[in-house]
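Visitor: Sequences and hints are given; from them, build the entire structure.
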Amino acid sequence: MSVFGDVPQAPPVAVFKLTADFREDSDPQKVNLGVGAYRTDECQPWVLPVVKKVERLIVEDGSLNHEYLPILGLPEFRSAASKVALGEDSPAIKESRVGGVQCLGGTGALRIGAEFLRRWYNGTNNTATPVYVSAPTWENHNSVFADAGFKDIRPYHYWDAANRGLDITGLLDDLEKAPERSVFVLHACAHNPTGTDPTQDQWKQIAEIMKRRNLFVFFDSAYQGFASGSLDKDAWSIRYFVSEGFELFVAQSFSKNFGLYNERVGNLTVVSQDGESLSRVLSQMEKIVRTTWSNPPSQGARIVSKTLNCPELFAEWKGNVKTMAERVLLMRDQLKAKLQALGTPGTWDHITQQIGMFSFTGLNPKQVEYMIKERHVYLMASGRINMCGLTSKNIDHVAQSIHDAVTKVQ
Amino acid sequence: MALLKSNKVLYCLGNISPSLGVLSSRHSSWWGGVQMGPPDPILGVTEAFKKDTNPKKMNLGVGAYRDDQGKPFVLSCVRKAEALIAAKQVDKEYLPIGGLGEFNKACAQLAFGADNEVLKSGRNITVQTISGTGSLRIGANFLSRFHGGPRDVYLPKPSWGNHTPIFRDAGMQLKSYRYYDPSTCGFDFKGALDDISKIPEKSVILLHACAHNPTGVDPRPEQWKEIAEIVKQRQLLVFFDMAYQGFASGDIDRDAWAVRYFLEQGHNILLSQSFAKNMGLYGERVGGFTVVCNDAEEAKRVESQLKILIRPIYSNPPMNGARIAATILNTPELHSVWLEEVHGMANRIIKMREQLVAGLKKEGSSHNWNHVIDQIGMFCFTGLKPEQVERLSKEFSVYMTKDGRISMAGVTSGNVAYLAEGIHAVTK
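So the protein sequences, as listed, match chains A and B.
Residues 166 to 575 in the working numbering are what the first sequence spells out, letter by letter.
Residues 151 to 578 in the working numbering are what the second sequence spells out, letter by letter.
Honestly, the hints are just simulated from the structure, not real lab data.
This one's a predicted model, so the numbers in the text were calculated from it and none came from an experiment.
Don't take each hint at face value.
Pairs of lysine-lysine, DSS-like flavour, derived with a Cα cap of 27 angstroms [said to hold, decoys possible]:
id, chain 1, residue 1, chain 2, residue 2
1, B, Lys348, B, Lys325
2, B, Lys450, A, Lys182
3, A, Lys503, A, Lys558
4, B, Lys206, B, Lys578
5, B, Lys230, A, Lys452
6, A, Lys538, A, Lys503
7, B, Lys325, B, Lys340
8, B, Lys207, B, Lys511
9, B, Lys270, B, Lys450
10, B, Lys457, B, Lys501
11, B, Lys340, A, Lys182
12, A, Lys248, A, Lys483
13, A, Lys218, B, Lys230
14, A, Lys452, B, Lys200
15, A, Lys316, B, Lys457
16, A, Lys452, B, Lys307
17, B, Lys450, B, Lys352
18, A, Lys452, B, Lys270
19, A, Lys182, B, Lys255
20, A, Lys531, A, Lys501
21, B, Lys238, A, Lys218
22, B, Lys238, A, Lys217
23, A, Lys503, A, Lys573
24, A, Lys487, A, Lys538
25, B, Lys200, B, Lys544
26, B, Lys238, A, Lys452
27, A, Lys217, B, Lys230
28, B, Lys201, A, Lys452
29, B, Lys501, B, Lys325
30, B, Lys207, B, Lys221
31, B, Lys255, B, Lys552
32, B, Lys238, A, Lys483
33, B, Lys201, B, Lys221
Guide: Rendered as structure tokens:
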């Protein structure tokens, strides 16, 4: 009798199943609007030109070896990554109260941060501390905090389906009612999956309540630069909170803005009140990292570090990021225009008001099923589409399919 | 006004943990109660070494291979593989949660032998992991969630320092079985069998496949056979940690002998593999985790649950190292170059062991240093006591961990005589 005889079959992770199904589909007009990875107008993955350049430099550098990185990661990467998030002139950095933990992608940064909070945030056992995630949110947020040991993960109001926008009233209300010391996971920009971000004024309202009610700020920043094309603009919310004196975490991902998806490059930025607290926090982060992966992978961090720390490469990178952001913005404009031209019922302003890689179309599950089965256009059951999957060649098919889904399927 | 102000102070005070002192202008840090973590004992050795200005200093702490000039060694098969990969211009799309398929396949073949029945029947699931640590952690998490037996994991005494916190953080409990005999600096075979025979049924037992860390003491084949028999009688779940395949004896198949023997005997094992040392890919974090199941159907179920565990830790593994390893394993000429280079690394270590013992004899040491040659792999448990270790660092600038473990990789033909001099001085 096997020890694992009772292990049940787990359901596949939805977003990867979607891509698997897409691959099996032989329809010549098929379109994949599922997984969040950038595509060119030829619907191809894009290795950023600056990345290719830097990789060549690394391969040709005979002085580099494959030795272990320190537990917290490559120092030049950590400092450069935190600087990208907080800004060149960040007073917090000048005051030496900012630290970074190099992690495996944004996921890794979230997990290490969550593990730390569970152990050390408010007393030494935070399994009962409420963790709030937006409704909806990236589905892995729930699992990350649950597996880190948090037992009470709650939604906060976010998406207003009726108005296809931010439910700011509900959000602020949840902040007022949350138990003090609760942890809130905030999307720094380009909210996944809705693409709907608070305005600057709304961020200020959020910050005011969080400060007054002692709520912990945990930013998830996976799209800096990718959302608007501007690094500074996309980091506005983070920088505002820091300027308001918050201690906070930022889980940064370089998967999208560097196109380094499979090298797993992330950074957990810790902003503390002072350097002394910071060093204690980092010492405990080391303990957590040591039993998770010992030390992080070097390739991706080297690429990002070289790029961020060299002015010419940094400028080139910003240009590459802008290229991606602009193509997405173009697709948004065109999709909305085509739907309006088709006379598709409903309003489609949200397509251009939303920001970043994703758009919450508002299609219901039945309509989504129609899109997949009848039109071979693959999107998430939530109605989320990846704008990067749209190209000048397939946008007509997609627009027509949405139109048909909305008019034929209730 | 003063009353209002004091109310505000009281309000803030109510939220502060007792260990905090001075109030800041808004409120105090969240992290007032965070203790300073103790320094890592192994990395602490490197820190002290770095600060030392003695030109003769030696770092025998961390287990990373060094060549005879004391430099990190990038294998030529690795450089060749990197060049091949660079020429291919592959994209950077996410790997599947379980990692690079061609790596996983080659990884399992390396451990079990390409024609192993387990592989042919498809009843193993092998996933790419973040080197050996990541592999052990995934395994520990899997056991914690799905193992119906006792929550105890039995480690050899001593074991790699990180084993305990890994299993503990995953929610398992740790116990031990006798392993190292300090009186012989060898294997306590009788003690091990005795302890193992008393382990409650269905518990998890962790075994080092070869080149035991930290002692370098491995069971002989006939001893492995008896261990396998007792383990089977007790119905224990075997978790092999194989971080040094090829690196121990210089021979890939020989180093995997115990793993393969257990499979042959019908044990459905868990296995962690690392390519940090045998391919010198330390910082690229290349490893594999395998569960050998009853059949392919069970393997599929186990695989689906491993993915559920992995996704909330790091989503999917890093490409670079796995690509390099897969290229080496799957390209015949690179594969043979690799075997030669691993053999070369193992041989240099063996030679240093011999030279150290010869050096100690030359110094006039009256102690029996045979264990230095009998032990295998990167590490040597010298038998030195903490006071002697301390003296070695203070008087000779020779650094090792407090338990007397030295990394033979840090020994070169240029410094082995000095090491012998130092060890003799503190032990005569």
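Visitor: Each hint needs a verdict: does it hold in this structure or not?
Guide: For each hint, the structure was consulted:
1. B:Lys348 - B:Lys325: Holds, at roughly 12 angstroms.
2. B:Lys450 - A:Lys182: holds (15 angstroms)
3. A:Lys503 - A:Lys558: Holds, at roughly 13 angstroms.
4. B:Lys206 - B:Lys578: holds (21 angstroms)
5. B:Lys230 - A:Lys452: violated (36 angstroms)
6. A:Lys538 - A:Lys503: holds (22 angstroms)
7. B:Lys325 - B:Lys340: Distance of about 18 angstroms is within 27 angstroms: holds.
8. B:Lys207 - B:Lys511: holds (22 angstroms)
9. B:Lys270 - B:Lys450: holds (15 angstroms)
10. B:Lys457 - B:Lys501: Between Lys457 of chain B and Lys501 of chain B the Cα gap is close to 43 angstroms, so the pair fails against 27 angstroms, i.e. violated.
11. B:Lys340 - A:Lys182: violated (52 angstroms)
12. A:Lys248 - A:Lys483: holds (15 angstroms)
13. A:Lys218 - B:Lys230: holds (19 angstroms)
14. A:Lys452 - B:Lys200: Satisfied, since the Cα-Cα distance of roughly 22 angstroms is no more than 27 angstroms.
15. A:Lys316 - B:Lys457: holds (21 angstroms)
16. A:Lys452 - B:Lys307: Distance of about 22 angstroms is within 27 angstroms: holds.
17. B:Lys450 - B:Lys352: holds (23 angstroms)
18. A:Lys452 - B:Lys270: violated (40 angstroms)
19. A:Lys182 - B:Lys255: Holds, because 22 angstroms separates the two Cα atoms, which is no more than 27 angstroms.
20. A:Lys531 - A:Lys501: holds (22 angstroms)
21. B:Lys238 - A:Lys218: holds (15 angstroms)
22. B:Lys238 - A:Lys217: holds (12 angstroms)
23. A:Lys503 - A:Lys573: The hint holds at about 18 angstroms.
24. A:Lys487 - A:Lys538: Violated: Lys487 of chain A and Lys538 of chain A sit about 35 angstroms apart, past 27 angstroms.
25. B:Lys200 - B:Lys544: Holds, at roughly 14 angstroms.
26. B:Lys238 - A:Lys452: violated (38 angstroms)
27. A:Lys217 - B:Lys230: holds (19 angstroms)
28. B:Lys201 - A:Lys452: Measuring from Cα to Cα gives roughly 23 angstroms; hence the hint holds.
29. B:Lys501 - B:Lys325: violated (36 angstroms)
30. B:Lys207 - B:Lys221: holds (14 angstroms)
31. B:Lys255 - B:Lys552: violated (40 angstroms)
32. B:Lys238 - A:Lys483: holds (26 angstroms)
33. B:Lys201 - B:Lys221: holds (19 angstroms)
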